[in-house]
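First to last, the protein sequences are chains A and B.
First residue of the first sequence? That's 1 in my numbering, and the numbers climb one at a time after it.
First residue of the second sequence? That's 1 in my numbering, and the numbers climb one at a time after it.
Since no wrong hints were added, every one of them can be taken at face value.
On the chain A side, residues computed to face chain B include the following (Cβ under 7 Å):
1) E327
2) E329
3) S330
4) L333
5) H370
6) M403
7) S404
8) P405
9) L406
Quick caveat, the hints were computed from the structure, so don't treat them as lab data.
No residue lacks a Cβ here, since even glycine has one placed at the ideal position from N, Cα and C.
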Amino acid sequence: MFIAPQWENPSVYLARKEYDMNTEKRLVYMDHAATTATRPEVAAAMVPFMTSTFGNPSSLYDLAKVSRTAMDGAREEVAVALGADPEEIFFTSGGTESDNWAIKGIAFAKKAQGTHIITSVIEHHAVSHTCEWLKKQGFSVTYLPVDCFGMVNPADVEAAITPETILITVMMANNEVGTIQPIAEIGAIALKHGVLFHTDAVQAVGHIPVDVRAQNIDLLSLSSHKFHGPKGVGALYIRSGVELDSLIHGGAQERGQRAGTENVSGIVGMGLALSLAVKGMPENALRITALRKRLTEGLLAIPKTYLNGHPEKRLPNNVNVVFAFIEGESILLMLNRRGISASTGSACSSRSSEPSHVLTACGVPLEVVHGSLRLTLGEETTEADVSYTIDAVKEVVQRLRDMSPLTPPELRSQP
Amino acid sequence: MYNEKVMDYFEHPRNQGAIEDADGIGEVGNPECGDTTKIYLQVEHDVITDVKFQTFGCAAAVASSSMATELIKGKTLKEAWDLSNSAVADALDGLPPKKLHCSLIAEGAIHAAINDYRTKRGLEAWKEKKESHAEH
Ligand SMILES: Cc1ncc(COP(=O)(O)O)c(C=O)c1O
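Please model the complete structure; the sequences and the hints are all you need to start from.
Shown next, in the form of structure tokens:
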């Protein structure tokens with residue numbers, strides 16, 4: 001799947017295939033929070049906008065009009081998914097750009113009114129590093145704590161508001177532990193105090209219901225590759241009447257708010273992927289939640305294993321646990337050898353050599369924070385995948401515990 | 001990220017385990033990423049006749065601890081003391097630069113085990129040549 005360049009070299013391809021057959025390696029993708037496969041029908045719908053109806057939407061001829069019409073359709077699809085109007089949807093290059101635009105755009109547009117921003121300690125780096133950068137530009141930032149489930153307390157949001165506050169940005173669902181935040185409550189508080197409210201809904205959109213009106217959201221970031229759309233495309237919802245500075249300057253695309261020739265095929269793919277995700281949501285959320293519960297129970301049956309995040313208020317597909325006495329990168333590499341793709345918050349696997357700021361903020365003790373494992377399921381996940389994963393994790397955890405000097409004798413296979 | 005040799009030593013660690021009634025035991029933790037390695041030595045006439053290790057940590061920490069035990073088995077205590085972490089990394093055909101520090105805990109744990117053996121026998125502990133080598 002990831003070896004496209006090697007296909008030109010048949011010997012490499014054959015060796016690869018043989019290797020897989022010999023080891024009977026099963027491929028179980030358990031990292032849907034990192035990214036998802038583009039649906040084949042979505043990919044197929046995108047192709048014409050690259051190869052035949054490739055016109056630049058800004059041009060005047062008929063070919064361009066096809067692109068424009070397709071983009072309008074996608075804008076409508078995204079708007080419907082959020083309960084917004086199409087005029088409130090602006091296409092971007094993804095979640096990171098949407099977060100940057102929303103936060104920097106509001107910060108600079110409202111600078112004269114105030115320079116205080118409220119956020120949480122568990123945000124994605126696309127939000128937290130943007131806030132850190134704004135601090136260097138003279139803004140002040142309050143980082144709200146979370147409880148042991150990774151939940152922000154709306155009362156803390158209200159207490160943090162000052163006359164200087166111009167923006168509250170709290171994510172809808174956390175990418176590591178899956179906790180779903182009390183967005184409607186925070187939205188109501190923002191409204192009451194006349195402060196703008198942005199939410200990074202990259203992990204939520206397409207997975208749980210979103211309604212920007214009911215939840216009082218002024219700005220919302222989403223990213224296509226998290227709901228089986230293509231990578232490198234996303235959107236920012238901007239409630240009509242909210243004014244913010246541009247992030248990307250240049251041509252007059254996106255009603256003069258976001259310059260650059262539009263990623264038409266990506267936008268078309270995102271629109272279709274999102275409408276399919278929303279259509280399938282009730283059924284998928286139910287099925288995936290049931291699989292998640294089975295997987296969680298299976299993993300928690302391993303001694304000295306603890307669940308991270310909220311037991312109920314979490315994304316349907318997110319399982320995050322810590323195993324005492326072992327380290328996450330080792331777990332991942334051993335699972336990878338068994339064909340399972342997963343993720344960890346361990347320092348050893350991150351590029352910063354710091355353990356996950358989310359797990360730390362949830363109060364996960366330092367002795368166990370290195371042993372975290374995140375498994376995120378998807379539409380294609382089967383019962384058999386879950387059973388296979390439970391067995392593989394059990395085996396790997398035992399192997400690593402047998403190897404660890406920290407494991408107490410009663411948890412070793414040979415004391 | 002890791003080469004095949006590192007992966008091999010990670011997945012099939014040589015000398016993994018504990019020695020009951022070991023003559024020397026040393027345990028060192030790396031504060032940076034929480035890695036911990038414990039080394040068990042069996043010594044006869046100043047020669048390491050058996051050695052086992054246990055590691056909590058990433059693949060680099062496991063592989064370098066395992067490789068280090070192979071390199072000191074059958075060696076004198078002095079030879080084992082002089083084994084450097086870069087020799088361990090070289091024997092593994094190299095580690096990613098960011099993971100080089102992981103091989104330090106093996107060196108540190110061997111030193112601790114040797115000094116445990118020495119002090120148990122009323123001998124003076126050997127001094128570290130380099131400064132606080134386990135804290136990188
Ligand atoms: C919560 C959250 N915000 C932002 C992003 C960044 O999105 P993108 O990869 O589209 O830039 C991600 C994805 O990694 C995410 O999970």
